[in-house]
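Visitor: Now for the letters of each chain:
2 protein chains.
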Amino acid sequence: MPPILGVFDSGFGGLTVLRALLRRLPQARFAFLGDTARLPYGSKSRRTIARYAAQSAQFLVREQGAEFLVIACNTASALALDAIQEAVPVPVLGVIEPGAEAARAASRTGDVLVIATDATVQSHAYAAACRALGLRALEMACPLLVPLVEEGWTEHTVTAQVIRVYLDQLLGEAAAQGLNPDTLVLGCTHYPLLRPLIESAVPAGMRVIDSAEATAETAARLLSPLEGGNLPSAAQVRCFATDSVEKFERLGSRFLDRPVGKVELVDLGG
Amino acid sequence: MPPILGVFDSGFGGLTVLRALLRRLPQARFAFLGDTARLPYGSKSRRTIARYAAQSAQFLVREQGAEFLVIACNTASALALDAIQEAVPVPVLGVIEPGAEAARAASRTGDVLVIATDATVQSHAYAAACRALGLRALEMACPLLVPLVEEGWTEHTVTAQVIRVYLDQLLGEAAAQGLNPDTLVLGCTHYPLLRPLIESAVPAGMRVIDSAEATAETAARLLSPLEGGNLPSAAQVRCFATDSVEKFERLGSRFLDRPVGKVELVDLGG
Chain G
1 MPPILGVFDS GFGGLTVLRA LLRRLPQARF AFLGDTARLP YGSKSRRTIA
51 RYAAQSAQFL VREQGAEFLV IACNTASALA LDAIQEAVPV PVLGVIEPGA
101 EAARAASRTG DVLVIATDAT VQSHAYAAAC RALGLRALEM ACPLLVPLVE
151 EGWTEHTVTA QVIRVYLDQL LGEAAAQGLN PDTLVLGCTH YPLLRPLIES
201 AVPAGMRVID SAEATAETAA RLLSPLEGGN LPSAAQVRCF ATDSVEKFER
251 LGSRFLDRPV GKVELVDLGG
Chain V
1 MPPILGVFDS GFGGLTVLRA LLRRLPQARF AFLGDTARLP YGSKSRRTIA
51 RYAAQSAQFL VREQGAEFLV IACNTASALA LDAIQEAVPV PVLGVIEPGA
101 EAARAASRTG DVLVIATDAT VQSHAYAAAC RALGLRALEM ACPLLVPLVE
151 EGWTEHTVTA QVIRVYLDQL LGEAAAQGLN PDTLVLGCTH YPLLRPLIES
201 AVPAGMRVID SAEATAETAA RLLSPLEGGN LPSAAQVRCF ATDSVEKFER
251 LGSRFLDRPV GKVELVDLGG
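Chains as they are written, first to last, in my numbering: chain G, 1 to 270; chain V, 1 to 270.
Don't read these hints as lab results, they were simulated from the structure.
A portion of the hints provided could be inaccurate.
What the hints assert, rightly or not - Residues on chain G that point at chain V, a partial pick, calculated with CB under 7 angstroms:
1. S43
2. L144
3. P147
As the list claims (entries may be wrong) - Beta-carbon label-pair distances, calculated as ranges:
4. G/E86 x V/S200: 22 to 30 angstroms
5. V/A105 x G/S253: 21 to 29 angstroms
6. G/P89 x V/D257: 22 to 30 angstroms
7. G/R258 x V/R131: 39 to 47 angstroms
8. G/Q177 x V/S45: 31 to 39 angstroms
9. V/L268 x G/L265: 54 to 62 angstroms
10. G/S45 x V/D82: 31 to 39 angstroms
11. V/A105 x G/Q177: 20 to 28 angstroms
12. V/G134 x G/S45: 46 to 54 angstroms
13. G/P89 x V/A176: 52 to 60 angstroms
To be verified - Just a sample of chain G residues kept apart from chain V, beta carbon distances all over 12 angstroms, derived:
14. P26
15. T48
16. E86
17. T109
18. D118
19. L138
20. E151
21. W153
22. R164
23. E199
24. R238
Glycine residues also receive a C-beta, built at the ideal position from the N, C-alpha and C atoms.
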């Protein structure tokens, strides 16, 4: 049997990470859990986030048999990766370090920009991961992008305008700090759906790095020794959520870029 | 001593209701509670919302001495007004019925439009309250408006454009249903901050009704018999929140239209 990869997010945005994983590991089995009853993690304390994330990780490992975990939630990756690693006996990969590593591979100037949610920016997890790799990073929260994606306005002129406003502000701030950025990291699971609009808004020559893609690449590299045996002819995916299954099913397919199918409701307790 | 009015919201949006109350009851004492640790209520079950709202109401009555409660949260008003009334021995006023009554007073055609959050629309509480008054109401969720207000873009061209997109859709749907609406109800505590943009976007002659204003008017009418004694020379306001005091203090002043001052952190338990 091929290994089961557990993928965890506070909501369903992490389906963009699962989508990237499916492209690289088309014959694996996946269990995805969205802790939709307790989102948003971003407004909660580190301790609460760690408890929720550990419970979610344990569900994927103990009840779904996951042998490898991908934390597709930027907030949980930023604030609870240690707690998750302590809670389960399998390898755990977050989205932030792969994103920072892809930025290092892409950048020539060593100066990178990061756009993310307010909670991720306030954690400064990307800046820290970039600094550890010798990069200078300037982060900016873009709170309107998640609701625009969830409204389905991924190609709307309004969204293009909002992206321009944010990028102008971010580039202005970078210039004021004497930075010369050549790479932009998409530090939120929702942003890959805006990639076409973002790519047409960045200055010529600027590279756009998608943390979801970078994480899937790292996972595929780490997993290749685990692979083997009789692979199924197609990937197997089961999706679980702790609440709001209807919204997950309705919006999830756009994130996964294929039908999410039936989402199973699970109760992780308080 | 003048009575203490307790004002409750899941977040700080209900400060627009407090603002309207302060204009009508400039010498009362107010205690405002935002249950910011547990927002958004909109994605939670009716039972959970009822429990949270009852706990919040009890805090205002038992610990702050509130003699009258205004539920400034549309979701709690829609789903938990009964539970709150059972939980506390003081009069309780929600925002939905005053909004519907103001719409009836304003409308000549009897057809009204309601814009609100997704959770409020899905509860159909405004449609039911309007129907009970002999009005036909068409509701529409406008999920981008709250984040636009919280981003501070209350006068931005992007926001004006988003409002036009939503209103065009709503007016088109009304026409398709054979309705002749002449009144638009703002069914979300954040929307009063968009009133100038909304008023310049509606068709000529359409009345815009603000539930916050309507609720404050009703509260002032109900409270006048309670008033009396030695009134303070100015209103007294204490603000409490269950989490994210910093965001409350930072954004709250715009909603209240005066400094919110120090927000006190309270713990209502799980």
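Visitor: CB of G/S45 to CB of V/D82, is that within 31 to 39 angstroms?
Guide: holds, 32 angstroms
Visitor: Quick check: does the Cβ-Cβ distance between G/R258 and V/R131 fall within 39 to 47 angstroms?
Guide: Holds, at about 41 angstroms.
Visitor: Under 7 angstroms is the threshold here; is the Cβ of G/L144 close enough to any Cβ of chain V for the hint to stand?
Guide: holds, 5 angstroms
Visitor: According to the definition I'm using, a residue is off the interface if its beta carbon is farther than 12 angstroms from all beta carbons of the partner; does G/T48 meet that for chain V?
Guide: Non-interface label on G/T48 violated, nearest chain V Cβ at 9 angstroms vs cutoff 12 angstroms.
Visitor: For the range 31 to 39 angstroms, tell me whether the beta carbons of G/Q177 and V/S45 fit it or not.
Guide: Violated: the Cβ-Cβ distance is about 47 angstroms, outside 31 to 39 angstroms.
Visitor: Please settle this one: G/T109 was flagged as non-interface, so is its CB more than 12 angstroms from every CB on chain V?
Guide: holds, 30 angstroms
Visitor: Checking hints one by one. Is G/S43 an interface residue toward chain V, by the C-beta closer than 7 angstroms rule?
Guide: Check passed: Cβ of G/S43 comes within 6 angstroms of chain V, closer than 7 angstroms.
Visitor: G/L138: least C-beta distance to chain V exceeds 12 angstroms?
Guide: holds, 19 angstroms
Visitor: Falls inside 20 to 28 angstroms, the C-beta gap from V/A105 to G/Q177?
Guide: Cβ of V/A105 to Cβ of G/Q177: about 55 angstroms, so the range 20 to 28 angstroms is violated.
Visitor: A closest beta-carbon separation below 7 angstroms is what the hint needs, so does G/P147 meet it against chain V?
Guide: Cβ of G/P147 sits 5 angstroms from chain V, so the hint holds.
Visitor: Using Cβ atoms and 12 angstroms as the threshold, tell me whether G/R238 really stays out of contact range of chain V.
Guide: holds, 22 angstroms
Visitor: Within 54 to 62 angstroms or not, the Cβ separation of V/L268 and G/L265?
Guide: violated, 27 angstroms
This entry does not satisfy hints 4, 5, 6, 8, 9, 11, 15, 18, 20, 21 and 22, going by the numbered hints stated previously.
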